[in-house]
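> Chain A is fixed; fit chains B and C onto it per the hints.
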Amino acid sequence: MRVPWRIRPSSGLAVGAVAVLFLSPLFLSTSQQSLVTRALIFALMAASLDIAYGHGGLPSLGHSALVGVGGYTVGILMVRHGVDSFWLGALAAMALGVVAAAIFGLLALRAKGIYFILVTFTLGQMISNLAQQWKFLKSTGVDAIVGIGMPSIGLSFEWSSASFLRFVLVVTVVAMLVIMQILRSPFGLALRGVRDNEQRMEALGYHAWWYKLAAIVVSGALGALAGALFAYHSGIITPTNVGVAASGLLVLMVVFGGSGTTYGPVVGGFVITIIGFYASELNKARAPLIVGLVFIATALALRGGLAGAVQRLVRRSRSGSTARLARAAATVDETERGRP
Amino acid sequence: MKVKVLVAAIGVLAVMVLVGCGGGETSTTASTAASGSTETTAAETATSAQPTKASITVGVLVPQTGFAANYGPEAQQGIDMALAEMGVDSGVEVKIITADEDVLDASNTLERLKKMVETDGAQIVIGPVFGSSQQAVAPYLTQAKIPWFSFLGASKDLAGSGGTAFVWPGADQLTAGPLGDYAAKTLGYKKIATLAPDYAYGHDSITGATDTFTAAGGKVIQQQWVPLGTTDMLQYATKIDKNADALLMWLVPSDAASFVKEYRNLGVKIPLLMFLGIFDPTFQEVGDLLVGEIGLNEYNPNLDNARNTAFVQSYKAKYNAIPNQTTAFAYTVMENIIQGVQKSGGKTSVEDLRAAMNGMALDTVIGPATYSPDGIASSNRYIVKAAQAADKTYIWDPIETYENVGAPK
Amino acid sequence: MQTFSNGIAVGAVLFLMASGLSLLIGAMGVLDLAHGAVYMVGAYLGWTLAIGLGQPYPVAVIGAGVGAGLLGVVLERLFRRVPGMPDEQILLSFGLIYVITNVVQWVWSPIAKSPFDVSWLEGSVHVASVAIPNVRLAIAVVGFAVALVLWYVQERTRTGAIVRAGMDDANMVRALGIHLDWVVVGVFVLGSAVAGIAGAMGGLVLGASSAQAIDVLLLALVIVVVGGVGSVVGTFAASMLIGVLDAFSRSLVPGMSSVAIYALMALVLVVRPTGLSGRLAR
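Residue numbers (the working numbering), protein chains in the order written: chain A, 1 to 340; chain B, 341 to 749; chain C, 750 to 1031.
The shape of chain A in the complex, shown without the other chains (with noise of 0.2 angstroms):
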């Protein structure tokens, strides 16, 4: 057992991270902190996601769907219907990634295991298919919605690269911390229950499939919320953010990072959307080699992706120290790190 609200290191680091962010257009070009938007957006997804994936133990490959439906309800009310306020296009992007979710869930629920992992891939990518062929989710002559403006806030004022990715550092930060709260309610408690032994939970009156449902449509509502932001920021949104290969990509965020871990999907997310583009400056036709080969590695040399890896290292250096703690932090990390 750990002791609550005694600071950790973790808890530390990832101040001081918000902090560096927060005064990083301070030192980043404008096309810099752009990617640095882009990548806390990513990040954000990522953690999202991971609610289902590593905490439900419900591996999902199509999350992106959820988050297209986010994105393309923002784009078709501030394109369409000229509602440009960030909240209500936040507030409606996230209820209709709740019902999204919620049909996404009862489908996919009837899987498991493996077979959960295909029918959330073949579902997310039917979403695609009907973003791709049905008119109501395209712009006049165009296979997307595009021409979306950044939000208004409701305060007045003109927004530049650095206070966009000031104000979705705040977002993400905000939506972080609910998904912190959340894992670590009692419903947090039980979640990761439901994913280590279902039988037992089941055995002392939890009705694990709530759960489960739960799990996924926080994932989705939180999802759509990242989704509705990448619109903003992209200022378009198509077929392929909603498709196979997006989703995918965020699978390989969170698992880079760490599945099931407090911080490993959020920098997985970031670093992944760093390592995409400058993989390209160093060498555009061969980037995908390169971004491959550390997907590769990472799977093989790195168990638990870099979350993993870091429990690792702290767990050896803690071992000089007292056995008895090196224990201790072992069977957190057992605790903390199930795998579905």
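Certain hints may be false.
Unchecked claim - Beyond 12 angstroms from chain B on every Cβ pair, some chain C residues (computed): (1) 800; (2) 832; (3) 924; (4) 1022.
Said to hold, decoys possible - Simulated pairs of lysine-lysine, BS3-like, Cα-Cα distance not exceeding 25 angstroms: (5) B/658 <-> A/284; (6) B/687 <-> B/393; (7) B/559 <-> B/609; (8) B/525 <-> B/725; (9) B/579 <-> A/135; (10) B/725 <-> B/749.
What the hints contain is simulated information worked out from the structure, not anything from laboratory work.
The beta-carbon is built from N, C-alpha and C at its ideal position, and this holds for glycine as well.
Okay, now just chains B and C, sitting in the frame of chain A:
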């Protein structure tokens, strides 16, 4: 053991990434200087002949990865050739920076463009090529007041009041027009069926041809739109309305080849009207199935004009191959940019370039061309017929020329 | 009737794409999402042998199968390092997709290859008013042959019995002193070889392109979901069903045709969550 090797590999990769990452600005200036120097040596060494009047930075945003990864290197060849030929006397020093157009995620393309413009200082952009990328970058380029040259077509809505695009060789909505006109007036077809992909470019180009066909009294009796991601063309080949006099079609080369094979295997005899024909090298693989069919070309290496003959010859000398449309049009657009900047006196704003290029008589590899006040090109289109040349290769033989196609009247 | 036969013809291609994947997921519990990439390598190998080197087509198909089988050995060496870890398997799979696709573009250029020209398979057979291209018949014949071989190996041989037992309880099989490792390698090679053969056969109508790594994977996954994992009969039935449904949806609801097969998949899931064959995946 293996784990250690892997960890070492990750280490190396991480260092590579960090070099790219941490260095941000320094590494990019280095790389642009490197890529720039190869292109600009001609201009620099030639300063004795004529002093450099203007210096511009051009960003090239074309796919380097994904299913269209060949576009990047092909466009680069054309740009290199234009710079090598014009650099000496043009008086315009051109610095080239390149980035990868992400064909799957348009928002990623936008991110790369931002770096190109804000950090690397691109003043004019060549590309992007694909519709979704164009739609994603157009609002940003409009806001940043950066002119961009789409060298393989674009929607007319992205030029003029709709954006800062210069569209070569003409607007998507009009470029295929001559094919419908030729089908109705010269071939005397009354009823046609159509086949194209179910996305904007497919709809735009086919509609351009059916508009002129119906205007000349013809009737469109069937339209099939192939959803994105369709790999199997059998269904579409068997469903062609047998009452049609001809099938008007455009598909990407590999799909077009699949379709034509099914079509021939099924023994369907309806003549084809192929917008853009089928490009090489795919055309060489299916040419025997197409001899005698009619197409419409924007570029064609067999065009008989002095500019094109010279271009094809110097391309052959340099790359030992026949240039394709991507190379030829990247070459043309690079040349047009230099001509425009020469005339504007080194100014690169959208207004200055539009004013400079408006009505300028251009002599290009596809014959005479002009740009409209909105920046949309009017140029020649060629009705072509598939044939086998004396050396056994398959060619699209130009049989009729339509002039001044591409800009709205 | 033409639409129906089109559907069967498309279904035969789909079966070849999906059967190897179904075997790997079902028998091994390995989420080998790089299966589409293996198919793609098979298609390019088939192109090199049949068109590039002008070998007879059967040689090209066998060569593609052998090449893909060898790739299967490599995949097995990699996947065995992450047993029972879906996270790492997904990460590894996507890494492989990125790497294999990029290397294929490097070796064969990014320009797609058009459907392979095989002169003795040109033309089509006309039965009443229905036209069936010869290449489709060839694909159907190979598809049936593969189905028979897979079915026989899985249901009628000792190896198959070990595989099926391993699906249910790997530890028990090991306890019986059976070398499951070799069986695992064998299944990987077989599954990948089938993908390679599928690539070379599919090349007759689809050519070879770097987009196939994902496109083929998607189609194969839908079929595995509808058919149920690890069952040859289920995969076969699902392929035909999807092929026919796809053909009809393209002629009846062209505006929504690419959504139709996924809608069918959702329906199957609601009715039978474990797919047509009803076998539960691990």
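> Each hint needs a verdict: does it hold in this structure or not?
Here is what the structure says about each hint:
1. 800: The claim is violated: residue 800 of chain C sits with its nearest Cβ about 8 angstroms from chain B, within 12 angstroms.
2. 832: Holds, since 15 angstroms exceeds 12 angstroms.
3. 924: holds, 28 angstroms
4. 1022: holds, 26 angstroms
5. B/658 <-> A/284: Measuring from Cα to Cα gives roughly 23 angstroms; hence the hint holds.
6. B/687 <-> B/393: Holds. Residue 687 of chain B to residue 393 of chain B sits at ~11 angstroms (cutoff 25 angstroms).
7. B/559 <-> B/609: holds, 19 angstroms
8. B/525 <-> B/725: holds, 16 angstroms
9. B/579 <-> A/135: Roughly 24 angstroms separates the two Cα atoms, so the pair holds.
10. B/725 <-> B/749: The given pair, whose Cα atoms are some 28 angstroms apart, is violated under the 25 angstroms limit.
Hints 1, 10, counting from the list given before, are not met by this structure.
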